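A.B. asks: So the protein sequences, as listed, match chains U and V.
Under our numbering, the first residue of the first sequence is numbered 89, with each subsequent residue one higher.
Under our numbering, the first residue of the second sequence is numbered 371, with each subsequent residue one higher.
Check before you lean on any hint, since a few could be wrong.
What the hints assert, rightly or not - Derived DEER-like restraints, expressed as beta-carbon distance ranges:
| # | chain 1 | residue 1 | chain 2 | residue 2 | range |
| --- | --- | --- | --- | --- | --- |
| 1 | V | F1225 | U | L291 | 47 to 57 Å |
| 2 | V | I1213 | U | E334 | 32 to 42 Å |
| 3 | V | I1213 | U | M266 | 38 to 48 Å |
| 4 | V | Y1057 | U | I449 | 52 to 62 Å |
| 5 | V | I1106 | U | N173 | 58 to 68 Å |
Hints were generated in silico from the structure; no laboratory data involved.
Predicted model, so just to flag it, every value in this text is computed and none were measured.
All residues carry an ideal CB built from backbone N, CA and C; glycine is no exception.
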Amino acid sequence: MNMAEVKFENVTKKFEDFTAVENLNLEIKDGEFFVILGPSGSGKTTTLRMIAGLEKPTEGKIFIGEDDVTELPPKERNVAMVFQNYALYPHLTVYDNMAFALKLRRKGFRRVYSREEIDERVRNAAKMLHIEDQLEKKPGQLSGGQRQRVALGRAIVRNPRVFLFDEPLSNLDAKLRMEMRVELKKLHQALGVTMVYVTHDQLEAMTLGNRIAVLNKGEVMQVDDPITLYNNPRNLFVAKFIGSPEMNMFDCTLNAGYLEFDGFKLKVPEDIYERIKEYEGKTLTFGIRPEDVLDSLFAKELDGERIEAKIEVIEPVGSETFAHLKVGEMEILARFPPMVRVSAGESMKIVFNMRKMHLFIDGEAIV
Amino acid sequence: MKPRGIWILLILALFLVPAVMGNVVEVHSTYAVVEWKTNGSNEYDIFLKNETQNYTLYDVVYVGSGGQYEAKFVKYYSDGWHYAHWEGRNVVVPQNATKIQYSVGGLKEKTKYYVRVEANGKVIAQDSFTTLESASSAKKDPTAVYLSILTITVIMLAAIFAISRKDVGENRKAYLYIIPALLGMSLLTFYPVIYGIYLSFTDYRMGAEFSANFVGLANYVKIFQDPDFYLVFNTTIIWTIANVTLHVLIGLSLALILTRKIRGRTAYRTLLLLPWAIPAYISVLVWRGLFDPNYGFINFALGTNINWLGEFPYAFLAVLITNVWLGFPFMMMMFLGGLQSIPDELYEAAEIDGFTRWQKFRHITLPMLKPVTTPAILLGFIWTFNMFNVIYLMTGGGPQAAGNFSAGQTDLLITFVYNKAFRDWMFGFAAAYSVVIFLIILSFSIIYTKIAEPDYVKNRGFHNHHKLLMGVFSFYTLMYALSFAGLISLPFGRWASLAFALLFAFAAFVSRTKYREAYYAMLAVLTADFIYAVFAWLSTDIRAYGFYRFNILSLLDIFILIYLVGLSEKYPDRIIKPREIDWGRIFKAENPYLALLLLACALLLGALFIQSFGVYMWALGILFFVYLLYPRDYMVEVGAAGISALSLFFAIYLQNPVYLVPMLLYVPAILVSDTTFIRYLEGMLSYGYLLLMLVFVIVPVWWMVWISLNPHNTLFTTSYTLIPPGATFKHYVYAINNTPFLLWLRNSIIVAFGTTFLGIVLAITAAYGYSRFNFKGKKGTMMLFLVVQMFPGVIVLIPYYLIMYNLGLINTFIGLIIAYSVTAIPLIVWMSKGFFDSIPKSIDEAAMVDGCTRFQAFLKVVLPLAAPGIAVAALFSFITAWNEFVLAYTFMSEENYTLPVGIMQFIGLTGSTSSQWGVFAAVSIMVSIPVVLVFLSLQKYLISGMTTGSVKG
């Protein structure tokens, strides 16, 4: 299989009335599953299309492997793309859809791939994707998941250097999406090709990517592996975007080693305080993930302050319970393990795991 | 409808009277025969006048040398009476004729005329006469008609009742909604059709030779023995194929160009729609003026002096160009809609997968356009086949055909039939012709839809297509056998092609492995055969009687070609296209010497042909040089560029532009290659083509304005400047004050309004029924509405005329309105149904829950919501009635003329000598402007209404 790294060097893409991508720098490694994550309008699809060659950067350069492909048309970049709407040729059978690109490749009058070679490639890909039985059918006769596989097959058969995915799972229902995620991961492990995957779903990003680039309004917010993104978000945006349910965020003031909230105080652990001494007196944003908001009864080892909270709504999911709490005017979402027994309308005492807290000033993380 | 003997006697008596009277020897209702003795002069001028006019020259009879007039109008006496005969293209009366008879036609009934014959300025014969009342006005039998109407109504209601019994309670109401429209359609269409079929088995004649006997299949036998049939059929086929091909090619190419984002494309698109918006009868007459041999703009612009409408093949070319002008905008709009529905992602995926532009076009655009192309071609075929207006108004059937024909050389089946019915009053015979026409169209529609239908490859066995192919080739074999038996004659060239095609077809069926070779061989043979047939048709030598009869097989060629091409689409696995065969070994890009050697061999062969080796050495050098310029991968470009350079060289060296033809090879190069140079070239060519088409569209409009402002009322002009010298608005003023223009306007308004009103009343409830209910007869009856649109008007026209005549409705507004409703009802049903569909059913249901009955919900809630859409449908039906020519022309007389017929009067039919072009142009413009404005502002709705209907059907 071909492999190649993809590099963006100071790439800017401007459309007539707005800038989609500003001064983008990315390095996608050989063979990695790289996810570009962001809300709609963040420029992630534009970025992907620039790798494909469907858009040309206004400024900057793009490299695939050793080659500067900025000026190259798509067909010469040796990339394959899987579209959100599959883009299958409706009048051709599955076999023909997958074989087509290969059949039409020519050098002068010669065909690049012989009939046997095409047949072998198509059948291999079909086997890999479990669609050998569908080869004679037309796309109209297939289900959404099957069509998605055909689109995948079409890309695999080409043996490209880079696989590009444009939100391929958004048209599938939830259950199918979960199955396909696993399949995609297995596919990547089997093929080992560089894959660039665009999505707005942070769960997909987390489960699939080796590394994730979080984009917002054309700028890269952070590029890291999923766990790092989750545990060490470098700015407010990433912190809010990653993790479902969202991180709890509150404003507070740093005052003499304490974070002062509306109605209570939290002591900052010593080592952390060393790092943030300079922000004494400033307004910070305090972030804490729901699973780090604990029932004091089950967190006896923690030595944080116990805070009185009123339970407004509980959502028992079975494996855990989401509790919507209110402390004064602040609304906190907590994620309790199943043994915690709470009901709406009651009061309880909660404690924060201060080692897992996040602090932001002006959107940037300081803890 | 039995003959009444006493009337025949009376008419015969009237014949005898004028025979006594002088030079006029026969008087009928629309023509009279003048006779005079020759006095040795070479030329006799015939003058005619009626009570109100002065003598005008009617025609000239030449003796000795030939003249261009209808042979059957002239008889001469020389040992008995003979018809003037043809010599080459002229009609000749020989020197030894002692008496001459001339048939003065086109007269009005019950009118007094004066006729005069002069030779060398002296009057040698003179007479007056009064034309008869058309004897046909005596026979009216309404009771039979009322009975038939009653019967049909009862049958229809019974049938609907029977079907509705099988349906669920709520759905039964649906039948109530569709009954008015359905009943209207059956009375207005099915009844005339059935009556027409009955007529075809009689020898019904109107007028002086009235008769109505049952003759069984005699009419049909006569048709197939009639030499006219084969000539006209041949013309019609070639006319249809040429038109549909051009329409589709031009429409598609323009649509492709207009989907690109070039500046001002909405303006271009609107302009290109003008031919569609301007009423057709006006456009056709304008083109007639443009093609006028003496003063028309075409001859002026080209600097030629071609007798466009009077000489073959120029007449055919003229009507072809006119019809293409009229028809390509519709195709363009359909293709534009189709192109827009192709998702961009397919092209992007193809781009990434490495397709060239030609491959994208061939494998994405064309297949995705099939849902549009198929109905477009089918509709185009049906409309063109029956295109009456263009032929009738431009050439009247065209220059007389040489030989033993009474038809003209641009006569289509439909104009020929029309004349048989309304000029010769041979209704029975014409009805038989109509049935034949209908069967031809029907069979084509069936075959074509079967071919174009998407099909799934179930197994590799025998399919319907194979059976079809076998059937067609059996027919081929039959023709072959018949020619052996001497029953039909085959030009020798086609024996061979038939034999080959047969052989390969046989091979195809016998041996699966040889399928591919046989397939391509058949394709090649049939294409060659068809090309041969077209060339033979164009060359004046082979236009003999036998050839026409055989040319019907050219039609089969087309069917089979379409079928074979369609076949390859469906089984791409089974048929390897030639490209997929490994030609690579020969054209290996890595071995230029081999390629060059091959090219040199080809050139040497050509050198033998031209016999000029020195030149070829130069050419070879150029070729090699060109080859060196291009990167080795682009063999196609090399080939095309090489041959183009060669041809350019030859053209300059030999001073003969014919050699530029091979440069056409750049066209496929453009399609296949993708270099930047080719892209620029292609862009420029596309733009140039677009501008060319814009000029094509605008010239007639400009000319029409020009003529309307030209102070002369005739076409006379010495040259064309942008604005006519002495431009004046006087024609406009004259038109309004001194012509029946306002009367015609009133008549048109009455008829159009009446049609729309009747159409809406009958159709609206049906549209609602189809939209809301799902009942047993739904699909069937909907298909009925669609099929009815396919009936050529000619089928209904003749029986229609008789029915209306017997009811006394000829020349009444009611009659015309009812006739127009035939087309209005399906149109309104289709379009309104679409609008109803867009209103969610839950609104009706909410209303019914709130306390309305279904009908109240329809009236009070749904109808108001759909009102804008229905208004559009009504507007279109209004415009269709407003622009209709044929029926109005056939049914109405002077005081009841609608605008189309009235406007035509200013110019008259082909060959008429008095025309008021200025007034005509002024009136045309006044009539066109509102129609065009309405049309252009509502184009979107019409397209969606028509395409959804036709795609579904």
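A.B. asks: If a hint holds in the structure, say so; if it doesn't, say that too.
C.D. replies: Structure-based check of each hint:
1. V:F1225 <-> U:L291: 47 to 57 Å: About 54 Å separates the Cβ atoms of F1225 of chain V and L291 of chain U, which means 47 to 57 Å holds.
2. V:I1213 <-> U:E334: 32 to 42 Å: Given about 41 Å between the Cβ atoms, the range holds.
3. V:I1213 <-> U:M266: 38 to 48 Å: holds (39 Å)
4. V:Y1057 <-> U:I449: 52 to 62 Å: holds (59 Å)
5. V:I1106 <-> U:N173: 58 to 68 Å: holds (59 Å)
Comparing the model with each numbered hint stated earlier shows that all of them hold.
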